[in-house]
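There are 2 protein chains.
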Amino acid sequence: MNNFELFGNIKKAQNFIDSVKTGNFLFSFVISYTQTCEIPEITFAGANSDSIQFTPPADAEYLHYGYCKTIDKIPMTPDGKPTPALLTKTALESSSIPHLVINAGSKISPQLPYIHTGLTFGKNISIEFAMTDSQIAKAVDYGRIIGRSLASMTDCLIIGESIPGGTTTALAVLRGFGFNAKVSSSIPNNPTLLKNQIVDSALSRLNSEHPYNVVACLGDPMIAFVTGMLSSASEISKVLLAGGTQMAAVLAFASKIGFNEDNTAIGTTSYITSDASANFKTLVSDIADVPILAVDPGLKNSKFPGLKAFSEGFAKEGVGAGGSIIASMLKTGNTSTNFMELAEKEYHRLFTSL
Amino acid sequence: MNNFELFGNIKKAQNFIDSVKTGNFLFSFVISYTQTCEIPEITFAGANSDSIQFTPPADAEYLHYGYCKTIDKIPMTPDGKPTPALLTKTALESSSIPHLVINAGSKISPQLPYIHTGLTFGKNISIEFAMTDSQIAKAVDYGRIIGRSLASMTDCLIIGESIPGGTTTALAVLRGFGFNAKVSSSIPNNPTLLKNQIVDSALSRLNSEHPYNVVACLGDPMIAFVTGMLSSASEISKVLLAGGTQMAAVLAFASKIGFNEDNTAIGTTSYITSDASANFKTLVSDIADVPILAVDPGLKNSKFPGLKAFSEGFAKEGVGAGGSIIASMLKTGNTSTNFMELAEKEYHRLFTSL
Chain A
253 MNNFELFGNI KKAQNFIDSV KTGNFLFSFV ISYTQTCEIP EITFAGANSD
303 SIQFTPPADA EYLHYGYCKT IDKIPMTPDG KPTPALLTKT ALESSSIPHL
353 VINAGSKISP QLPYIHTGLT FGKNISIEFA MTDSQIAKAV DYGRIIGRSL
403 ASMTDCLIIG ESIPGGTTTA LAVLRGFGFN AKVSSSIPNN PTLLKNQIVD
453 SALSRLNSEH PYNVVACLGD PMIAFVTGML SSASEISKVL LAGGTQMAAV
503 LAFASKIGFN EDNTAIGTTS YITSDASANF KTLVSDIADV PILAVDPGLK
553 NSKFPGLKAF SEGFAKEGVG AGGSIIASML KTGNTSTNFM ELAEKEYHRL
603 FTSL
Chain B
253 MNNFELFGNI KKAQNFIDSV KTGNFLFSFV ISYTQTCEIP EITFAGANSD
303 SIQFTPPADA EYLHYGYCKT IDKIPMTPDG KPTPALLTKT ALESSSIPHL
353 VINAGSKISP QLPYIHTGLT FGKNISIEFA MTDSQIAKAV DYGRIIGRSL
403 ASMTDCLIIG ESIPGGTTTA LAVLRGFGFN AKVSSSIPNN PTLLKNQIVD
453 SALSRLNSEH PYNVVACLGD PMIAFVTGML SSASEISKVL LAGGTQMAAV
503 LAFASKIGFN EDNTAIGTTS YITSDASANF KTLVSDIADV PILAVDPGLK
553 NSKFPGLKAF SEGFAKEGVG AGGSIIASML KTGNTSTNFM ELAEKEYHRL
603 FTSL
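Residue numbers (my numbering), protein chains in the order written: chain A, 253 to 606; chain B, 253 to 606.
Chain A on its own, in the form it takes in the complex:
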């Protein structure tokens, strides 16, 4: 598989690929929200601070309909770079991989049928606990229920997420569990200082080492819910955690509450694994014996600056883009070049029809 780089336990990575490449995939897209994203300059996952809350449902609508209902255009950075959902949609559509949307605490509900959990969004960890212990317990329980159901329907459950501000809560959870994390960001000029200030402030409130308490104090509903999904789903099927730093935080929590390492891999883009400002590969190997599959989406060769930007450190990952591209390539045999061409078609469709 020349399309992928493998990190961590290479034998496990190869076994994972061998066991899923002839099977079925199911993409689950978990949308959520943390008020931490309302801190100025913490995220660019939206055209402006008010529109950030619409990004997760709009990503879900775009994945599904090919356009958004909650907002007029697809989610973009303030200077017009598109959401990584563009890559996810291209991947899923080119390979006919089905998907389901799960609302695990999004502030705004998407205008399509989705799996309802009744979870509420997380609070701003720079000023208070994100969630109560009982909210964490419910998120994990409901995650377990959904993980069990979805894993029973597929050979490989892909889990992606959309939660603006989520790299900051992920950093906090990783630090809370004692891991020396330097997280990626959706912005090339990663606001590391600001993130660390927020995390330090949140860590100062941490009053117990109990894993639920760590996530309640420092995390967000996505981390708790996806950890529940992973813990049950990995007992039944393969699970591809599609994402970067946020999935490392999931892995950290999951390593405390239990999951099946042998059925789990992280799938992400090479933009994450080669990010010099983060330490993703070391971090994951410190947390668990779970391999990383990294794909180069080939976008550095794109003629469209909006796509090329992903290879230059913008967004890098999100909406499970990396894992979806990996699954689509395994299913179709597409190369990075094929994928880039399909993404260009989708880009062209979007930006000439808008």
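The hints are simulated quantities; they were obtained by calculation from the structure and are not laboratory data. It cannot be assumed that every hint is accurate.
In this list, chains with the same sequence are indistinguishable; a pair is considered to hold if it fits within one copy or across any two.
[To be verified] Straight-line C-alpha distance at most 27 Å; calculated DSS-like pairs for lysine-lysine:
id, residue 1, residue 2
1, Lys390, Lys321
2, Lys375, Lys263
3, Lys390, Lys533
4, Lys583, Lys273
5, Lys359, Lys390
Given the structure of chain A, go ahead and fit chain B onto it with the hints provided.
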């Protein structure tokens, strides 16, 4: 397959069985509500008139957890006969068939993760239109979305429902589409006169033959939503409509908006196909070239009166019991006797632990 009786196009029925028996099944459970059930003496799907609204979510909770959260005990008739969900649960569990709950207009939301549609419950057809045309359009659209997604995850999508009062709205829809329907009931002494009065009153308001208008005037959200599911799912996978009269109404609406007959079958209990007060087999063959598979759950031989009652005309069907039992037998090779013994175990568990 000695466990099943086949009706209608026998060759199609046999083909359907042959093509699904080695594949995967997915059970989707659609819960809904029509205010028509509030008419006194129209249904016994609940211990009393106030508790009827809790029956669909409680059925969903029981299927999932093995007990209910919304109410204390599992749904029962006023004299203590259990919900047919007992049969569905026995079938799904014995064969490890996964399930998902879809809320398509239930008055009360179940306390578990479920697929949210945002549909509202149907109004009482004896006094007003059940739904607006745009509500019907949304129900059909959302049904199509979910049908497409779920059918992509399985070889055979089983669709069951729980909607108290639903045989009356089904009768109305069937009559509205010009079919001479005599419907089954969850009560042996079928209140035919009352049902026909309600239907006559509803039919007097019917002001257009447009299929959406017929269902808006006479139907309920379940019929519209499941019809949408059938229309898209049957293009992708096999679909087993698990139910009696309600699924005939779905078939009637679907035959107007389009679906793939060759991938569709009705799966039900022999208590429905042998019900002398209804004309189920003729009715279905009048509507579409869709075969009926009927299973004898073997309950006439049960030592428990509460189970034996199903064979004596109580409940007969519901919560997709018949279709679930058929799928479970295809998957496990169980006979009616095996199934009855499993149902007795579940009955015993429930009524000694309560």
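Taking 27 Å as the upper bound on the Cα-Cα distance, should Lys359 and Lys390 be classified as within, between, both, or neither?
The answer is both: 18 Å in one copy and 23 Å across copies each meet 27 Å.
Classify it for me, Lys583 with Lys273: is the Cα-Cα distance of at most 27 Å met within a copy, between copies, both or neither?
Classified as both; 6 Å inside a copy, 25 Å across copies.
As a check of your reading, is Lys390 near Lys321 (CA-CA no more than 27 Å) within one copy, between copies, both or neither?
between (29 Å within a copy, 14 Å between copies)
27 Å Cα threshold - placement of Lys263 relative to Lys375
neither (40 Å within a copy, 60 Å between copies)
I want to check one pair: Lys390 and Lys533. Are their C-alpha atoms no more than 27 Å apart within a copy, between two copies, both, or neither?
Classified as neither; 31 Å inside a copy, 46 Å across copies.
Of the numbered hints listed earlier, those contradicted by the structure are 2 and 3.
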